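Peer 1: The primary structure of each chain is shown beneath.
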Amino acid sequence: MNPKLEYLLRLGDNCLVLSQQLAAWCGHGPALEEDLALTNVALDLLGQARLWLSYAGEVEGCGRDEDALAYRRDGFDFRNLLLVEQPNGHYGDTIARQFLFDAWHRHLLAGLSQSSDARIAEIAQKAAKEVRYHVERSAGLMIALGDGTEQSRARMQAALDKLWPYTNEWFESDAVDAHCAAEGLAPAAPSLAAPWRASVDAVLARAMLAMPSYTGHQRGGRQGVHSEHLGHLLTELQFLQRAYPGAQW
Amino acid sequence: MYAQLVETGAQTVRTLQEMDPQERAFQGKINAGIKIEAKDWMPEGYRKTLVRQISQHAHSEYVGMLPEANWITRAPTLKRKAILMAKVQDEAGHGLYLYSAVETLGVSRDQTYLDLLSGKAKYSSIFNYPTLTWADIGAIGWLVDGSAIVNQVPICRCSYGPYARAMVRVCKEESFHQRQGFEIMLTLCRGTPEQKQMAQDALNRWWWPSIAMHGPADEQSVNSAQSMAWKIKLHSNDELRQKFIDQTVPQAEFLGLSIPDPDLQWNEARGHYDYGAIDWEDFFNVVRGFGPCNQERLAARNKAWAEGAWFREALQAHAAKQEQRNEQKVA
Amino acid sequence: MSQSNAHHPALHEWPLWEVFIRSQHGLAHKHVGSLHAVDGASAIQHARDVYTRRNEGVSIWAVRAADVVASSPGDKEALFDASQSKVYRHPTFYPMPEGVKHI
Numbered sequence: 000m001n002p003k004l005e006y007l008l009r010l011g012d013n014c015l016v017l018s019q020q021l022a023a024w025c026g027h028g029p030a031l032e033e034d035l036a037l038t039n040v041a042l043d044l045l046g047q048a049r050l051w052l053s054y055a056g057e058v059e060g061c062g063r064d065e066d067a068l069a070y071r072r073d074g075f076d077f078r079n080l081l082l083v084e085q086p087n088g089h090y091g092d093t094i095a096r097q098f099l100f101d102a103w104h105r106h107l108l109a110g111l112s113q114s115s116d117a118r119i120a121e122i123a124q125k126a127a128k129e130v131r132y133h134v135e136r137s138a139g140l141m142i143a144l145g146d147g148t149e150q151s152r153a154r155m156q157a158a159l160d161k162l163w164p165y166t167n168e169w170f171e172s173d174a175v176d177a178h179c180a181a182e183g184l185a186p187a188a189p190s191l192a193a194p195w196r197a198s199v200d201a202v203l204a205r206a207m208l209a210m211p212s213y214t215g216h217q218r219g220g221r222q223g224v225h226s227e228h229l230g231h232l233l234t235e236l237q238f239l240q241r242a243y244p245g246a247q248w
Numbered sequence: 000m001y002a003q004l005v006e007t008g009a010q011t012v013r014t015l016q017e018m019d020p021q022e023r024a025f026q027g028k029i030n031a032g033i034k035i036e037a038k039d040w041m042p043e044g045y046r047k048t049l050v051r052q053i054s055q056h057a058h059s060e061y062v063g064m065l066p067e068a069n070w071i072t073r074a075p076t077l078k079r080k081a082i083l084m085a086k087v088q089d090e091a092g093h094g095l096y097l098y099s100a101v102e103t104l105g106v107s108r109d110q111t112y113l114d115l116l117s118g119k120a121k122y123s124s125i126f127n128y129p130t131l132t133w134a135d136i137g138a139i140g141w142l143v144d145g146s147a148i149v150n151q152v153p154i155c156r157c158s159y160g161p162y163a164r165a166m167v168r169v170c171k172e173e174s175f176h177q178r179q180g181f182e183i184m185l186t187l188c189r190g191t192p193e194q195k196q197m198a199q200d201a202l203n204r205w206w207w208p209s210i211a212m213h214g215p216a217d218e219q220s221v222n223s224a225q226s227m228a229w230k231i232k233l234h235s236n237d238e239l240r241q242k243f244i245d246q247t248v249p250q251a252e253f254l255g256l257s258i259p260d261p262d263l264q265w266n267e268a269r270g271h272y273d274y275g276a277i278d279w280e281d282f283f284n285v286v287r288g289f290g291p292c293n294q295e296r297l298a299a300r301n302k303a304w305a306e307g308a309w310f311r312e313a314l315q316a317h318a319a320k321q322e323q324r325n326e327q328k329v330a
Numbered sequence: 000m001s002q003s004n005a006h007h008p009a010l011h012e013w014p015l016w017e018v019f020i021r022s023q024h025g026l027a028h029k030h031v032g033s034l035h036a037v038d039g040a041s042a043i044q045h046a047r048d049v050y051t052r053r054n055e056g057v058s059i060w061a062v063r064a065a066d067v068v069a070s071s072p073g074d075k076e077a078l079f080d081a082s083q084s085k086v087y088r089h090p091t092f093y094p095m096p097e098g099v100k101h102i
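Protein sequence lines, in the order shown, are assigned to chains A, B and C. The first sequence lines up with residues 0 to 248 when you count with numbering that gives the first Met the number 0. The second sequence lines up with residues 0 to 330 when you count with numbering that gives the first Met the number 0. The third sequence lines up with residues 0 to 102 when you count with numbering that gives the first Met the number 0.
Some hints here could point you the wrong way.
Stated by the list, open to error - Taking lysine-lysine and the DSBU-like style, the derived pairs with C-alpha atoms no more than 35 Å apart in a straight line are:
| hint | chain 1 | residue 1 | chain 2 | residue 2 |
| --- | --- | --- | --- | --- |
| 1 | A | 128 | B | 320 |
| 2 | C | 29 | B | 34 |
| 3 | A | 125 | C | 29 |
| 4 | B | 320 | A | 161 |
| 5 | A | 128 | B | 78 |
| 6 | B | 171 | B | 34 |
| 7 | A | 125 | B | 171 |
| 8 | B | 242 | B | 195 |
| 9 | B | 171 | B | 195 |
| 10 | A | 128 | C | 29 |
| 11 | B | 171 | C | 29 |
| 12 | B | 78 | B | 302 |
| 13 | B | 320 | C | 29 |
| 14 | B | 47 | B | 28 |
| 15 | B | 171 | B | 119 |
| 16 | B | 302 | A | 161 |
| 17 | B | 171 | B | 242 |
| 18 | B | 34 | B | 230 |
| 19 | B | 78 | A | 125 |
| 20 | B | 28 | C | 29 |
For the record, the hints were derived by calculation from the structure and aren't laboratory data. All of these numbers come straight from a predicted model, not from anything done at the bench.
All chains, please: the whole structure from these sequences, using the hints.
Peer 2: What follows is the structure, encoded as structure tokens:
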């Protein structure tokens, strides 16, 4: 097992799966301007996914490119967090998921920008610029929706409560994470907990939303143990390449 | 194309002599190629016609996102996915530019949008057809955006400033769309036998709707004389349709695909392609709401609107709260 | 919100903003169009997404359409008519409550 490869797949798969989820909103958003904005975020994440996965393919050294990795791995070989594969739900569910992810993503990329691996640092620096905007956006929306109408507050609280069990997995260390931290490739997973928590606290306070209580922690995504949602997502994503093996598109 | 069934209400076009001084000055500007702007005096018929035409155009962009967005999650490579997302996003942007233009004429965007949702306002017939395969995405870019370009480039010279300027912005982005579609078709035609068949099948289904999309034949289109005099409509439907066909047939030949029209033939004497009879009954059927996807398109737009109401209201409520808080701070 | 507001679409509508972009250093801001947003910060964000696709080095101004003061078109030397100072001629940016007739 190649820890750097595993780590890169985790990064790429998070962006890929989340981008795919957001892309499903295209044309169905609550307002034209918002539709455009969310699709922009999806495009940014797709771009980041392609960079991470391309690098992963190179590191693996078996000739797999970004498409081979995206379209021809089964679910148990995907390394994304459980959070990003949770369903879109209503727009508030999507924004809550995005906010929780963005707050983590931003601190992660800040750490990766200092990576001992030049390519990782380069990709992270580019992504960090985009994610700064994502954070601004999703935090702003959390505040507006939390402190909007009574209906929106209730919806956002419910969304937060539902997603909370998926917000711990990314702080847990494992062999891959420990190796990458030791090599200076990436910040140690537990080191992101406090900054993430501080960011989230600040926003939830302004959003008039309560920190959810403990309802268990779910894990397994990074090791390839996913929820039932991922299979359906991959079926849709991978259909054409599976139906026409070997074809060029 | 976007002026499908947009009637000016004028039975005859008045001469300059017949007009009163205000209208004569207005028409004089148009004749001299001077743009009419939002604050200028304009006949009510001109304003109403523009409102209907521009809003139809805007609705077409917004509804037009749906058939292509249908394939974003299934795009066959990450690069194609990114390009398709960017294209659909462009269409959202075009919708926005056009809604902006129509708002300069004194309608609110939400009001014109509610007319779309209720079925009162129309949008281009072409978006009522389904996207059944990946090749449809290629065909749409190649044929539908191709038709749109033929239609939109002249509108860059129309008499109403905000509409003309919106069109310039749209046209800049549109040629990327057509090229992207053609390139998809090319890749399929150079691919496996199944892919080539997929491409031919898409052309078979999209050809006739794409040429009908330019609107009814000139002899069937009454009352376009006033739109022409007002320089809202600059070419006849048949002129634009012919231009599109003439430029597209060689492209199909390049792809190695056959156009599903046995009567299609180069006419040396005319210097244009002759083409077969269009099924206008089918076209009007679709315009009237009975096409393959009319219900679904309208349902999707209504669903997004209804389910997004809480979001729009919440954002407004929050903004109002913030304003109040700022006022209290200053006080 | 009052009952009549709930039924009048224009009153629920996000306000209209005019957008001006400076696309390159050294150039002046140019009017590019309009969009709807609930406040200035959102207007700028949306303008970035719609009108610049987030290119760097771009300056954006957003102004509420209702706040733009415009001159009247017209060739006469006469004083501008103050009552005509709104940017759009047509009277739809002043939504009227339901039940008000002839306006």
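Peer 1: All hints are to be evaluated individually against the structure, with a verdict given for each.
Peer 2: Going down the list of hints, with the structure as the test:
1. Restraint check: the Cα-Cα separation between residue 128 (chain A) and residue 320 (chain B) comes to about 31 Å, which is no more than 35 Å; the hinted pair holds.
2. For a cut-off of 35 Å, the pair hint linking residue 29 (chain C) to residue 34 (chain B) stands: about 18 Å separates their Cα positions.
3. For the hint pairing residue 125 (chain A) with residue 29 (chain C), the CA-to-CA distance comes to about 29 Å; that is within 35 Å, so the pair holds.
4. Between residue 320 (chain B) and residue 161 (chain A) the CA atoms are separated by roughly 28 Å; this keeps the pair inside 35 Å, and the hint holds.
5. At most 35 Å may separate the alpha-carbon atoms for a hinted pair to count; residue 128 (chain A) and residue 78 (chain B) meet this at roughly 21 Å.
6. With a C-alpha separation of about 20 Å, the suggested pair residue 171 (chain B) and residue 34 (chain B) falls inside the 35 Å cut-off, and the hint holds.
7. Annotation: proposed proximity of residue 125 (chain A) to residue 171 (chain B) holds, straight-line Cα distance about 27 Å (limit 35 Å).
8. For the suggested pair residue 242 (chain B) and residue 195 (chain B), the alpha carbons sit about 26 Å apart, so the restraint of at most 35 Å is met.
9. Taken as a hint, the residue 171 (chain B) and residue 195 (chain B) pair is honoured in the structure, with Cα atoms around 30 Å apart against an allowance of 35 Å.
10. Proposed proximity of residue 128 (chain A) and residue 29 (chain C) is supported: the alpha carbons are some 26 Å apart, at most 35 Å.
11. Note on residue 171 (chain B) and residue 29 (chain C): the hinted pairing holds, with a Cα-Cα distance of about 17 Å set against a maximum of 35 Å.
12. Between residue 78 (chain B) and residue 302 (chain B), the direct Cα distance comes to roughly 30 Å. Compliance with the 35 Å bound is thereby established for this hinted pair.
13. A C-alpha spacing of about 32 Å is found between residue 320 (chain B) and residue 29 (chain C), which places the hinted pair at or below 35 Å, so the restraint holds.
14. A C-alpha spacing of about 19 Å is found between residue 47 (chain B) and residue 28 (chain B), which places the hinted pair at or below 35 Å, so the restraint holds.
15. With a C-alpha separation of about 31 Å, the suggested pair residue 171 (chain B) and residue 119 (chain B) falls inside the 35 Å cut-off, and the hint holds.
16. Restraint check for residue 302 (chain B) and residue 161 (chain A): the C-alpha separation of about 24 Å stays at or below 35 Å, so the hint holds.
17. For a cut-off of 35 Å, the pair hint linking residue 171 (chain B) to residue 242 (chain B) stands: about 20 Å separates their Cα positions.
18. Distance hint between residue 34 (chain B) and residue 230 (chain B) is fulfilled; the C-alpha atoms sit about 10 Å from each other, no more than 35 Å.
19. As the CA atoms of residue 78 (chain B) and residue 125 (chain A) are separated by approximately 18 Å, the hinted pair is consistent with the 35 Å bound.
20. Between the alpha carbons of residue 28 (chain B) and residue 29 (chain C) the distance comes to roughly 24 Å, so the proposed pair stays at or under 35 Å and holds.
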